[in-house]
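Q: Given chain A's structure and the hints, the job is docking chain B onto it.
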Amino acid sequence: EAGVAQSPRYKIIEKRQSVAFWCNPISGHATLYWYQQILGQGPKLLIQFQNNGVVDDSQLPKDRFSAERLKGVDSTLKIQPAKLEDSAVYLCASSLRPDRASNQPQHFGDGTRLSIL
Amino acid sequence: GESVGLHLPTLSVQEGDNSIINCAYSNSASDYFIWYKQESGKGPQFIIDIRSNMDKRQGQRVTVLLNKTVKHLSLQIAATQPGDSAVYFCAENTGTASKLTFGTGTRLQVTL
Numbered sequence: 001e002a003g004v005a006q007s008p009r010y011k012i013i014e015k016r017q018s019v020a021f022w023c024n025p026i027s028g029h030a031t032l033y034w035y036q037q038i039l040g041q042g043p044k045l046l047i048q049f050q051n052n053g054v055v056d057d058s059q060l061p062k063d064r065f066s067a068e069r070l071k072g073v074d075s076t077l078k079i080q081p082a083k084l085e086d087s088a089v090y091l092c093a094s095s096l097r098p099d100r101a102s103n104q105p106q107h108f109g110d111g112t113r114l115s116i117l
Numbered sequence: 001g002e003s004v005g006l007h008l009p010t011l012s013v014q015e016g017d018n019s020i021i022n023c024a025y026s027n028s029a030s031d032y033f034i035w036y037k038q039e040s041g042k043g044p045q046f047i048i049d050i051r052s053n054m055d056k057r058q059g060q061r062v063t064v065l066l067n068k069t070v071k072h073l074s075l076q077i078a079a080t081q082p083g084d085s086a087v088y089f090c091a092e093n094t095g096t097a098s099k100l101t102f103g104t105g106t107r108l109q110v111t112l
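Protein sequence lines, in the order shown, are assigned to chains A and B. Just so we're aligned, residue 1 is where the first sequence starts under my numbering, counting upward by one. Just so we're aligned, residue 1 is where the second sequence starts under my numbering, counting upward by one.
Derived from the structure by calculation, the hints contain no laboratory data. Heads up, the beta-carbon is just placed ideally off N, CA and C, and yes, glycines get one too. Any given hint could turn out to be false.
Partner residues aside, some chain A positions facing chain B, computed with beta carbon under 7 Å [as the list claims (entries may be wrong)]:
1) Q41
2) G42
3) P43
4) L45
5) D86
6) A88
7) L91
Capping the alpha-carbon separation at 30 Å, the derived lysine-lysine pairs in DSS-like fashion look like this [as the list claims (entries may be wrong)]:
8) A:K44 to A:K62
9) B:K99 to A:K71
10) B:K71 to A:K71
Isolated chain A, as found in the complex (with noise of 0.2 Å):
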């Protein structure tokens, strides 16, 4: 079974550039989600997808931070503009039950490792 996939793997930008990641969950994976992973620290959660709609964007600067899904499937995930403490590893995820994740555990991909300058 291939595993979540995402790119690029790294980027370097300016502060005030823009820049996007994609993810391709896990086929059959209805349940998606993006993490920031500062280094050091553990992944917070910035958005979740349940199909193309999202169940929890709370922790999402959405001054800066946008994400879709579209069609269920693939997602992006835009920043614009970035700031210096955007630097960061993001971090894609996916699991197979649309609810709770009490039975399913979120597989993740490698990440984008992003570094503002």
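A: Here is chain B on its own, set in the frame of chain A:
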């Protein structure tokens, strides 16, 4: 706010010994817990999970113990190998939206 935390940021273990990584959680309503392993440059990798109606669950070389009385979770790795060197995170499921809250992690260093 409620959070998941870890007691030891770094743990050094000799190859072949058993490792115990601890985690304290504060949300008494959490009913599902997961341990993840994260190697450098990789995403978190699922190790083992446990529901709150259990106090122990075993996998291959790993055991998770849950003590709801003191809100404590531990991961035991038997016969620790160099390939076990990584950062280990515990995460708890909070709320109704499948939201996982992660701790800051424990780095496991396996010495030869």
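Q: Of all the hints numbered above, which does this structure not satisfy? Sort the numbers upward.
A: The structure conflicts with hints 5, 6 and 10, although it agrees with all the remaining ones.
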